Each structure stands twice: as C-alpha cells, then as structure tokens.
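A.B. asks: Residues per chain, in single letters:
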Amino acid sequence: MTASAISLPHGDGHDHYAHGHDSSGYDSSGHDSHGHGDGHGHVHLQYQPGLPLSRGKLIMWLFLSTEIMFFAALLGSYVVLRFGAPAWPLPHHVHLSEPIGAFNTFVLICSSVTVVLALEAARADKAELAKLWMILTLALGTLFLGVKAYEYSAKFSHGIYPWSPRSRVYEKPDLYYGSAVRARLGEPAMIDRLKALDDTPEGTLSEAQRSGRERLRQIRTMVTNPDQQPFDLAVIADQVMPLASSGGHGHGAGLNDVFPWLRLPAVIPGGNLWASTYFLLTGFHAIHVVVGLIVFAILLLYRLDHRTYGMIENAGLYWHFVDLVWIFLFPLLYLF
Amino acid sequence: MSDHDHHTNPQPLPAHGPVTRPGESTLGESTAHDRHGTTGHGTTGHGTTGHGDEPHGHESHGGIGTYMMVFLALCGLTTMSFFTYSSAWPWRDQPQVGWAFMMAVSCTKAMLVVLFFMHVLWEANWKYVLTIPAAMMAIFLALMLVPDIGLRTRMVAQERALYMPRQSDVRLMERASDTGLPGGSTAPAH
Chain Z
351 MTASAISLPH GDGHDHYAHG HDSSGYDSSG HDSHGHGDGH GHVHLQYQPG
401 LPLSRGKLIM WLFLSTEIMF FAALLGSYVV LRFGAPAWPL PHHVHLSEPI
451 GAFNTFVLIC SSVTVVLALE AARADKAELA KLWMILTLAL GTLFLGVKAY
501 EYSAKFSHGI YPWSPRSRVY EKPDLYYGSA VRARLGEPAM IDRLKALDDT
551 PEGTLSEAQR SGRERLRQIR TMVTNPDQQP FDLAVIADQV MPLASSGGHG
601 HGAGLNDVFP WLRLPAVIPG GNLWASTYFL LTGFHAIHVV VGLIVFAILL
651 LYRLDHRTYG MIENAGLYWH FVDLVWIFLF PLLYLF
Chain R
26 MSDHDHHTNP QPLPAHGPVT RPGESTLGES TAHDRHGTTG HGTTGHGTTG
76 HGDEPHGHES HGGIGTYMMV FLALCGLTTM SFFTYSSAWP WRDQPQVGWA
126 FMMAVSCTKA MLVVLFFMHV LWEANWKYVL TIPAAMMAIF LALMLVPDIG
176 LRTRMVAQER ALYMPRQSDV RLMERASDTG LPGGSTAPAH
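Those protein sequences? They're chains Z and R, same order as listed.
Using my numbering, the letters of the first sequence correspond one by one to residues 351 to 686.
Using my numbering, the letters of the second sequence correspond one by one to residues 26 to 215.
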C-alpha cells in the first residue's frame, strides 16, 4: 500500500477497494491520483462540498446574486434617470393608483408566506397541506399578474405605451403638440365622427357629453386659430387630459375620457421616460413572476414531502426574491 | 462518474462503516450521508439526496409563529409606507422626507424577507460570500450611472433645452387648468 495522506482506519478494507482501477468511487474531489499502480491503494474518501449547502441551493443562490445585480442595475437606472430628469410625472398624472399598488404588495407578501408554510408542511411530511399552500401561492401569484394586467390596460387606454408609434404622450404643450392635435382631428374618419357628434340631438347626450361637445368645439377652433397664443396650447392640453391638480385625485373630465374614440394626443411632462422605465421595471418583474408560477405549477406535479423539500426551498428562495424586488418597486414607482 | 458498475456490484460492504478523514470528525452529517450513499445508489446521488433527504437539522428555524410575526411586521411596514401617500402625512411639502422614510421601510422589509423567509439568518457564513459582493457590485453599478445619466440635464445645449420637458410646463398646465377655456364655458370638474 502506498503511503497516502489519508490512512484507512481498518486494514481489511483492501478487499473491497481492490477492484476497479478507475475508482473515483467515493472520491469526487480528485484525490485518487495516488495508489493507482498496485490496485489496492485506493482510499475511501467522501464527497466534501466546498460550501456546506447542497448543489441545488448553491446554484440558486449564485443565480440570485446575479439577479441582485440585474435588478439593481434596473432600479439604479430608474432612480438616476428619475432624479436627473428635468420633469417627472406624479403618480396620478400617469394614472397610477397607489391603493392598487399597495394591494399588490400585500398579495405578494401573502404569497411569500404561503410558500414558507408550504415548505414547513413539506418538512413535516404533510404533503396534502403543502400542496394546499402551494396552490394558494399559485393563486396569489396569478392574482398579482391579473392586477398588473388591469393596471397596464389602464395605461394603454390613456395612450401611455412604452414605445413610440402608439404612445400619445407629448412632453410639453408646444407647437408640435398643437399640430399633432390638429392632425388627429383632421383624419378623415375623425371628421365623420365629429360631424356625427355635432349632429346628435341634445337630448340623447349626457350632461358630461354635452359639456364635452361644447369644449371640443372650442378646441377645434383654437387649434386652427391663426392668432393662437402659446398659452392656448396649454389650455388645449389641459382640456384633452388634465394633470390632476396636486392633492386631488378626482379627474376624469378630460375630453379623451368623455369621448374615448377621440384618442387625442396628451401632454405629460416627462411622461415618455416615465413610461419606458415603468414598463421595463414592472415588465421584467412580471416575467419573473410568470417564471415563478411555472415553477410552482411544475412542483404541484410532485408529492410535496421531505423528499422534495430541497426543490420547494429553492423555488421559495426564487419567489422571495421576486417579492423582494417588488418591495422596492412599489414605493419607487407608486409613491415617489 | 465512471464507476456505476462499481456500485451496482452487489458485493456486501465492509463492516467498518464510513471512513472519515482526520480532522473531519465534526461533520457528522456527512458521515450520515455516506452511510446512506453506500447502501443506496452511490456518490453520484449525493448531490440529490443531500438536500432532499432530510432538512439537516434545520429545526432551529423560526417555525410558524415566527413567520406569522414577520408577516404581520411586513403588513405593518407596508401600511407605514402607504401612510406617506395619505393626507395625514405631515411632510407633504418636503417629499425628500417621505422618500427617505419609504426607503428605510423598504430596506427593513427586505431584511425581514431575506433573514426569515429566505432563512439567511440561520445559514452558515457562505451567505456573506454570495450576498455581499453582489450587493457591492449593485451599489457600484448604480453610482457609476450618476455622472453620465444623473447629471445629464445640468448642462444641455440650447436646442435640446427647447424640447426638454420642464417643471415650468407642469406649472403652465396647472395654470391653464385654473383658467379654463377662454370662451368661459364650463371648466372641467377637477
């Protein structure tokens, strides 16, 4: 037997280790370089992980540390852009609802708790209970996405898109804005609809529609007025989609709201950059939520007991991270 | 691993039990796994049995009561940051106070989630190896954006300033909202 750094406590171990010259059997750490010649110098080494955690969990944590940097880059860019911007819309300028955001925060926190409870139940071998918590997690994640979709549709309906061709957001009430309003009002289909609106008898219109029609008439003369003053453009922008006065939340009297088919361009100072960052941040977060839901759906195919504990733990780590990102996104997007 | 034939060999194991290297007798957990591994499917299975087999004496983890306390704390903290939005918040004219407050609340919430829900509180020291460099990189990343991006509007060309949205545009629109239409028609109900 060759001298090796590790000696066996029992000399009669040879007969077991004698066969198999390639034996790296119990030794996955490369210690089998010695003793190949004589056939019975192989020592029984045990696998020794570099870090005291399982491979799956190690990889999940490595992945999460890259995710930390990924979202830190996104969030950092958002903060830097936001505070470097000369004008930034208030949340109610861009139709963000703080209560809805807070509700979504609550939903994600609840789903984090249900994952933890599923893990606890799995450890105690209560597979049915674990499955129940997992289903609840799945439902809460879906609810989060549903609320998010509702919020997105509210943005889209106000012409706020993250990309330019469909976005109807203008940065300031200048001549470019005025000409965009005029161009929209001059579209052939628009002329027909405006004529139909003008011909509609008074009685069939609601109070808001009557006043809206009157305001629309004035705006149509204002955008084509050769003596137009710069301030008139701000008035037009305010009539199309008012920036709610600070403090108040109740607007909705804009012409775009009274007549949704109008779809006139609106002015939100800083709105385009806001839209880009908002959709990028929440979009990447939503993608992470979708991935998490897929993972949970796959987990539901298994029996959730102590044998799947590691899988649930890793999925849970990922899900808590998604929750963590939202914890920062919510105040930054909704309350700043 | 190339030694599956080695392990499928039904040869009985020697009775001496697991072998430990000198100075590693403290890793009782590993020897337990080794015993398991030799009766089962061998070393290749170690990685999979390692985390799925048993929760490694994690019994010191908080338990349901701790998790519920953390949950309540998280709900309370969310309410606190939401409070800055309410009219009862005393520093409405100084948004910086609210921002600092909300960031403090968010960091507290993040710490609670990481420490308790992600079990980091009960993990060994590897947690620092993985999280601290990543966090430092993250902070560095954000700071490096400041000169080019954060300060990009300090000095701009005249032409660019013409098309830039400005706070004066917001004020202009607010003034337009107060004035209403020149014809004196019904102003929108704000």
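One or more hints might be untrue.
[What the hints assert, rightly or not] Pulled a few chain R residues facing chain Z out of the computed Cβ check, cut under 8 Å: (1) Gly-101; (2) Met-105; (3) Pro-115; (4) Trp-116; (5) Asp-118; (6) Gln-119; (7) Lys-134; (8) Leu-140; (9) Ala-149; (10) Trp-151.
[As the list claims (entries may be wrong)] To list a few chain Z residues with every Cβ distance to chain R over 12 Å, as calculated: (11) Arg-432; (12) His-443; (13) Ala-489; (14) Gly-496; (15) Tyr-500; (16) Ser-503; (17) Lys-522; (18) Arg-565.
The hints are simulated quantities; they were obtained by calculation from the structure and are not laboratory data.
Just so it is clear, the structure is predicted and the values come from calculations on it, not from any experiment.
Don't be surprised by glycine CBs; every beta carbon is placed ideally from N, CA and C.
A.B. asks: Determine for every hint whether it applies to the structure shown.
C.D. replies: Hints and how they fare:
{"no.": "1", "hint": "Gly-101", "verdict": "violated, 11 Å"}
{"no.": "2", "hint": "Met-105", "verdict": "violated, 11 Å"}
{"no.": "3", "hint": "Pro-115", "verdict": "violated, 15 Å"}
{"no.": "4", "hint": "Trp-116", "verdict": "violated, 13 Å"}
{"no.": "5", "hint": "Asp-118", "verdict": "violated, 10 Å"}
{"no.": "6", "hint": "Gln-119", "verdict": "violated, 13 Å"}
{"no.": "7", "hint": "Lys-134", "verdict": "holds, 5 Å"}
{"no.": "8", "hint": "Leu-140", "verdict": "violated, 11 Å"}
{"no.": "9", "hint": "Ala-149", "verdict": "holds, 5 Å"}
{"no.": "10", "hint": "Trp-151", "verdict": "holds, 5 Å"}
{"no.": "11", "hint": "Arg-432", "verdict": "violated, 9 Å"}
{"no.": "12", "hint": "His-443", "verdict": "violated, 8 Å"}
{"no.": "13", "hint": "Ala-489", "verdict": "holds, 17 Å"}
{"no.": "14", "hint": "Gly-496", "verdict": "holds, 19 Å"}
{"no.": "15", "hint": "Tyr-500", "verdict": "holds, 19 Å"}
{"no.": "16", "hint": "Ser-503", "verdict": "holds, 23 Å"}
{"no.": "17", "hint": "Lys-522", "verdict": "violated, 4 Å"}
{"no.": "18", "hint": "Arg-565", "verdict": "violated, 6 Å"}
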